[in-house]
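So the protein sequences, as listed, match chains A and B. All residue numbers for the first sequence refer to my numbering, where the first residue is 391 and numbers rise by one. All residue numbers for the second sequence refer to my numbering, where the first residue is 14 and numbers rise by one.
Keep in mind that the hints were calculated from the coordinates and are not lab data. Note that the Cβ used here is the ideal one computed from N, Cα and C, for glycine as well. Some hints here could point you the wrong way.
Unchecked claim - Subject to a maximum C-alpha distance of 25 Å in a straight line, what follows is the list of computed DMTMM-like cross-link-like pairs (lysine to aspartate or glutamate): (1) Lys122(B) to Glu229(B); (2) Lys550(A) to Asp123(B); (3) Lys211(B) to Glu229(B); (4) Lys550(A) to Glu243(B); (5) Lys211(B) to Asp237(B); (6) Lys143(B) to Asp106(B); (7) Lys217(B) to Asp147(B); (8) Lys217(B) to Glu243(B); (9) Lys550(A) to Asp238(B); (10) Lys211(B) to Asp123(B); (11) Lys550(A) to Asp147(B); (12) Lys122(B) to Glu71(B).
As the list claims (entries may be wrong) - Which residues of chain A face chain B? A partial, calculated answer using Cβ under 8 Å: (13) His480; (14) Arg553; (15) Gly555; (16) Ile557; (17) His566; (18) Met567; (19) His570; (20) Asn574.
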Amino acid sequence: METIAFALLNGLIYGLLLFMLSSGLTLIFSMMGVLNFAHASFYMLGAYFAFTLGNFTGFWVALFLAPILVGLAGAAVERWGLRPVHANGHVAELLFTFGLAYVIEEIVKITWGKVAVPYQVPSALDFPLFELFGSQYPAYRIFMLLISILMLVGLWYLLKRTRIGLIIQAALTHPHMVSHLGHNVPRIFMLVFAAGCALAGLAGVIGGNYLVTEPSMAFAIGPIVFVVVVVGGMGSLEGAFIASLLIGFLQTFAISIDANFADFFGWLGLQATSEVGRITIASLAPMLPFLLLVLMLMLRPRGLMGEREF
Amino acid sequence: MKDTAPNPMLDVRDLHAFYGKSHVLRGVNLSVGRGEVAALLGRNGVGRSTTAKAIMGEVAPQGEVWFHGHNIAGQPSHRIAHLGLGYVPENRDIFPMMTVRQNLLLGLKDVNTPGRWQIEDMLEMFPNLKSRADTAAGVLSGGEKQMLTICRTLMGDPDLIIIDEPTEGLAPKIVTQVGALIAQIAQAGVSILLVEQKLSIALKIAQRVYVMGHGEIVYTGTPDDFRGREDIRREWLEV
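Sequences are here, hints too, so could you generate the full structure?
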């Protein structure tokens, strides 16, 4: 019971953090038609910007400023990088974002060093908030949960309840028509790219100090975010939301299950062989999202809620 | 009738366009005056829709396209729209997941400067759309989608509207309704360039008739003059 309760809460928080990254990526995906390999790099920039800014302004100001700076960096990348490359087609765009991811990683290494920086949870939130089954639960995790929910509600309201949200949705699927109605589609695309990067930056700000802020953090989470977008379905925010939670729960549950293959064989009434029997379920956790990706592409290529196939 | 409208609002001069190596428009000249309805007729494949697309910048144009004193050839579509040129493409490009009301809302260029047409007036004019105002536009019939596309473009308060093949594939009763809508728009003082194949609608509302053949204008005249030109009809329009 205790394991399940903790896994549920942790899975939810991890899933919502993934959604903060995948929501932006899936919007950018619908817009460009290809995955932005550099998306998780903006997550990393969010964490590093917050670390550096936080030294001068404290965490709370950095919480607002860092995502804005990341958004501005995203807007610049779209305006002066991606837009000219777009004319040369999808492969060029894909390679551009691939190269950009490495460029950002190297810039981070040069600026902040190759090892992790001491980006810490703010002291005001560094205490156990409540006790559950005798174990203490950190207040910062609940703070991450609240920020994620605020972001979720904000994004939903913006896209579904405002005119600019409607224009964005229409521009993603019918860019020519939206342009003929007098809306500046290149500018809308720049805003979407910037907002997606800002959301990734926010995830970095609140996730970087809880996890770890180091140059490899982008490549650690990037592939998982791709899995979310593919499993959720191209361009579907609802799909990305469901897939984020699914992968969040899947990974945290697999880690928390204290069993190995020998136990499974035991339940099935079979003899466990020594080699296979020693593999633990927890050790399979990193593989599960990718297994899901492979199966999804084989069995349901348009993802859970996508409108087109990849 | 003179070949160009006096003080034309839209003046297309020597317009060329290509699809790959194929030379589709071979020097189109046409104009539409203030408050005028001009019909662009011709068989399939002669370049009528391409003319509309080249004016709107969807196909790369070569030549001059003057609108309200600006040469708009090759300008970004949103800038052309802001000058007051509306476009209803032939594929009835509605936003299917959004409601009828939301589709209309997106036709507004700026919510702070409302034009001649309001969403509520639009819905009053078309009871079909009113009863489905909060329904996803994707489930509308072909005729309703056509009405919605035209109304959505009107929401942007254009001075001139290019309507490409509005009655294609519609039942005769619906064709009459769409024809009545276009006549109503003309009465409100909006200039229209109507790309059509059906002579009945075009001749009823147009003051100027252009016939296209092989990528250029082969006839210009009034509907009355055109009715007497059996030769033009036989050579360029009848199948």
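Going down the list of hints, with the structure as the test:
With a C-alpha separation of about 33 Å, the suggested pair Lys122(B) and Glu229(B) falls outside the 25 Å cut-off, and the hint is violated. As the CA atoms of Lys550(A) and Asp123(B) are separated by approximately 19 Å, the hinted pair is consistent with the 25 Å bound. Between Lys211(B) and Glu229(B) the CA atoms are separated by roughly 19 Å; this keeps the pair inside 25 Å, and the hint holds. Restraint check: the Cα-Cα separation between Lys550(A) and Glu243(B) comes to about 55 Å, which exceeds 25 Å; the hinted pair is violated.
Distance hint between Lys211(B) and Asp237(B) is fulfilled; the C-alpha atoms sit about 16 Å from each other, no more than 25 Å. For the proposed pair Lys143(B) and Asp106(B), the alpha carbon gap of about 19 Å is at most 25 Å, so the pair holds. Distance restraint check for Lys217(B) and Asp147(B): the Cα-Cα separation of roughly 34 Å exceeds the 25 Å cut-off, and the hinted pair is therefore not satisfied. Annotation: proposed proximity of Lys217(B) to Glu243(B) holds, straight-line Cα distance about 18 Å (limit 25 Å).
As the CA atoms of Lys550(A) and Asp238(B) are separated by approximately 53 Å, the hinted pair breaks the 25 Å bound. Straight-line distance between C-alpha atoms of Lys211(B) and Asp123(B) comes to about 35 Å, which puts the hinted pair past the 25 Å bound. Our distance criterion of 25 Å between C-alpha atoms is met by Lys550(A) and Asp147(B), whose separation comes to about 14 Å. As the CA atoms of Lys122(B) and Glu71(B) are separated by approximately 19 Å, the hinted pair is consistent with the 25 Å bound.
Proximity of His480(A) to chain B is violated relative to the hint, the smallest CB-CB distance being about 20 Å (cut-off 8 Å). Because the smallest distance between the Cβ of Arg553(A) and any Cβ of chain B comes to about 6 Å, under 8 Å, the interface hint for this residue holds. Restraint check, Gly555(A) versus chain B: the minimum CB separation of about 10 Å is more than 8 Å; hint violated. Of the supplied interface hints, the one on Ile557(A) holds, with its beta-carbon coming within about 6 Å of a beta-carbon of chain B, less than 8 Å.
With a least beta-carbon distance of about 6 Å to chain B, the hint placing His566(A) at the interface is held under the 8 Å criterion. Residue-level restraint check for Met567(A) holds (minimum Cβ-Cβ distance to chain B is 4 Å; threshold 8 Å). With a least beta-carbon distance of about 5 Å to chain B, the hint placing His570(A) at the interface is held under the 8 Å criterion. Taking 8 Å as the C-beta cut-off, the interface hint given for Asn574(A) holds, the closest approach to chain B being about 5 Å.
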